[in-house]
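Chemist: The chain contents come next:
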Amino acid sequence: MATLELAINEGIAAPPVQRARRLGPLFWMAIGWVALVFAVAILAPVLPMPSPTDMDMLERRAPFSPDHWLGTDGLGRDELARLIYGARISLVVGLCAPVIGLTIGGALGMLAGYFRGRFEALVVGSMDVLLAFPPLILALAVTAYLGQSILNLTLILGVLGIPAFMRVARASTLTLARREFVIAAEALGATHARILLRELLPNVMLPLLAFFLLGVAVTIVAEGALSFLGLGVPPPIASWGSMIGEGRESLDVAPRLAFIPAIAMFLTVLSFNLVGDTLRALTDPRQGAL
Amino acid sequence: MPGFVARRLLYLLPVLLAVSLMTFLIASLLPGDLAYVILGDQATPEKVEALRHDMGLDQPIWWRYLGWLGHVLEGDFGRSFRTGQTVLQAVAERLPVSFELMILAELIGLAIGVPLAIACAAKSGGALDRFMTSTAFGMLSVPTFLSAILLIYLFAVELRVLPATGYVPLAEDPSGNLRFFVLPALTLALAEWPGIMRVLRSDMIATLQEDYIALAKAKGLKPSRILFVHALKPSSLTLVTITGINIGRLIGGALIVETIFALPGIGRLLVGAIYTRDLIILQGVVLLVAAGFVLMNFIVDMLYAVLDPRIRHGHT
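Protein sequences appear in the order of chains R and V.
Heads up, the first sequence is in my numbering, so the first residue is 1 and it goes up one at a time.
Heads up, the second sequence is in my numbering, so the first residue is 1 and it goes up one at a time.
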């Protein structure tokens with residue numbers, strides 16, 4: 001049993017090590033940008049900069065200066081501070097929502113792919129109902145009733161991610177459940193719980209984690225879109241989406257107010273997509289050539 | 001084929017029923033009582049109670065659902081308590097705008113994506129292919145509202161050649177109508193072409209490695225003929241699939257784009273209903289959009305079955 005598992009683990013682990021040398025500078029730049037965004041977001045309260053919500057009506061749309069490195073917005077608030085606090089919102093919502101999708105969707109997908117039968121039909125059917133709503137429409141409708149808050153936003157975006165994670169987990173489980181190490185574990189009398197947790201979970205986790213990173217990118221975009229429409233995080237909390245929305249009003253006089261948060265959001269989404277896509281290509285043997 | 005259609009239709013019914021139930025539950029279980037919304041903050045508890053009774057809000061929830069479903073099946077989706085317009089009137093008035101936007105966007109997306117995919121597949125691994133593949137990947141990270149802002153800045157603020165917001169009906173002024181649609185449709189198309197190009201490109205590269213392509217080459221057929229006739233034709237199935245997958249994103253994208261460019265479509269109706277807390281319109285539009293989405297997916301499935309006999313006969 002132990003030897004069998006070991007041999008298969010080696011077989012799975014070997015190709016990524018070889019390909020890891022070809023990850024390329026872009027991959028590491030993406031990692032670097034994400035690390036930077038994380039660092040400033042975590043350190044935001046202790047960084048020496050003005051408050052993101054203090055208004056200064058005499059300093060509206062001020063240009064770059066030593067006091068305000070990236071100038072001020074239409075209400076005289078420090079643009080850099082808002083950008084950094086906005087990163088906190090993007091990261092908190094962008095990471096927490098896919099965690100909901102990953103845990104619930106991943107668990108449902110594994111159980112459905114392993115036990116099959118009626119349970120699988122029920123899971124797939126209920127996911128079909130969730131998928132019947134265009135995602136943004138459902139997110140808008142639910143936040144409209146629940147009220148705008150970061151928690152509600154995270155919850156609804158998380159629930160919307162469940163079907164996709166369920167599909168990835170189910171597809172991996174379906175193929176893995178027929179593999180020798182699972183059949184061997186069954187033959188040795190392992191319980192369902194043990195097979196699911198010790199044999200299947202470590203293998204399903206890899207594609208799920210790669211998909212998780214792509215989910216982060218999608219969630220950051222969705223949060224941005226809702227906040228841009230004024231239906232995401234409530235003001236005066238700074239979010240990249242709401243900053244772009246506010247900056248849109250002054251495109252003619254100060255386009256940078258829209259473009260600075262836009263660039264931050266683009267780079268972050270691109271980085272998560274790049275890292276996620278690279279890892280997905282590594283974990284998915286069929287896509288290996290891409 | 002009829003058996004296949006019947007089976008899919010039979011599956012459609014429970015999904016639509018569940019969709020209606022979910023729409024109703026979102027609107028009913030979540031906080032925000034309709035009676036309060038209609039009467040405003042100044043209402044006395046007695047007044048609210050009376051209105052709740054008049055509207056049947058004090059009935060058990062399953063009873064209200066059945067009543068609502070009954071009305072919906074008769075074609076009565078309720079009417080806005082703000083404008084007095086029925087949900088169906090409001091939707092019918094705005095549907096053409098959303099359809100025009102989505103069709104134009106998909107056409108522009110195909111016009112950019114298909115030629116690029118063919119060019120890239122013809123010389124896969126070449127300079128153009130590598131450049132376009134990375135560009136498409138980068139474009140996938142540009143949210144719709146970002147490209148909207150960029151296009152507005154370029155064409156409406158800097159160059160001043162196209163209007164940023166506004167709308168005239170197609171029947172009144174066709175060319176003016178198109179002018180208002182250029183930027184919104186282009187915005188949506190910028191999100192559509194990368195997906196179209198990526199999928200069609202890899203599909204065509206796979207097709208070009210088939211034996212019958214080698215045979216066509218050996219017969220001495222012109223490369224352009226091989227590319228457009230022999231390689232592109234089998235990929236029509238892929239195009240149908242991509243279009244199907246895109247519909248959901250297109251509807252969401254249309255909502256954002258209509259709001260930004262002030263186009264009076266379904267998306268703007270929905271966002272407007274949220275701003276004014278017009279819950280009846282909201283509930284009706286969400287149900288109609290979801291039902292329409294389910295039906296469109298059904299039609300795509302049918303098209304798929306027409307194009308690929310293996311699917312309707314149950315082979316995969």
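Mixed in with the good hints, there may be bad ones.
[Stated by the list, open to error] Label pairs and their calculated CB-CB ranges: (1) V/210 with R/175: 21 to 31 Å; (2) R/252 with V/210: 51 to 61 Å; (3) V/168 with R/24: 42 to 52 Å; (4) R/197 with V/219: 29 to 39 Å; (5) V/245 with R/107: 17 to 27 Å.
Think of the hints as simulated: they come from the structure by calculation, not from any bench.
Remember, it's a predicted structure, so these values are computed and weren't measured experimentally.
In this text, a Cβ means the ideal position worked out from N, Cα and C, and glycines have one as well.
Chemist: Hint by hint, say whether it matches the structure.
Modeler: Going through the hints against the structure:
no.: 1; hint: V/210 with R/175: 21 to 31 Å; verdict: holds, 26 Å
no.: 2; hint: R/252 with V/210: 51 to 61 Å; verdict: holds, 54 Å
no.: 3; hint: V/168 with R/24: 42 to 52 Å; verdict: holds, 50 Å
no.: 4; hint: R/197 with V/219: 29 to 39 Å; verdict: violated, 58 Å
no.: 5; hint: V/245 with R/107: 17 to 27 Å; verdict: holds, 26 Å
Hint check: a violation occurs at hint 4 only; the rest are consistent with the structure.
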